[in-house]
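Q: Please construct the entire structure, taking both the sequences and the accompanying hints into account.
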Amino acid sequence: MPISTLSSKGQLVIPKEVRDALGIKPKQKLLLKVVKGHIVIEPLPEGPVEYFCGIFKEGTSLTRALLRERNEDKRREEKILLNSFPLLAYLCQEDG
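Residue 18 in the UniProt record's numbering sits at position 18 of the sequence shown, and the numbers go up by one each step.
Incorrect hints may appear among the rest.
[Claimed, not checked] Using 27 Å as the maximum straight-line C-alpha spacing, the simulated BS3-like pairs for lysine-lysine come out as follows:
(1) Lys9 x Lys27
(2) Lys9 x Lys25
(3) Lys33 x Lys16
(4) Lys29 x Lys16
Hints are computed from structural coordinates only; laboratory data are not their basis.
A: Rendered as structure tokens:
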């Protein structure tokens, strides 16, 4: 198990065998996060936008949720409008 030492400047050298195992290249961006008191280091892909595009395909659709919310807002706004203008409500009933 490779061991690395943190420098006085806060720099950490990732041992070659670890870099090779993860495919980390010089100048590559790394994601660092703290999980349950440990540092997790993950290499970011070279094209992060392309990599993360479609990451939420499984699960809840944000677009669907936003459209549903917008439709609810639209119904609420129409109700307020029709209650505010009785003549408009009457005319809309004749069309429907």
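Q: Starting from Lys29, check that the Cα of Lys16 is at most 27 Å away, please.
A: holds, 16 Å
Q: Is the straight-line distance between the alpha-carbon of Lys33 and that of Lys16 27 Å or less?
A: Since the Cα atoms of Lys33 and Lys16 sit roughly 21 Å apart, the hinted pair holds (cutoff 27 Å).
Q: Can you confirm whether the C-alpha distance between Lys9 and Lys25 stays at or below 27 Å?
A: The given pair, whose Cα atoms are some 22 Å apart, holds under the 27 Å limit.
Q: Going straight from one Cα to the other, do Lys9 and Lys27 come out at no more than 27 Å?
A: holds, 18 Å
Of the numbered hints stated above, none is contradicted by the structure.
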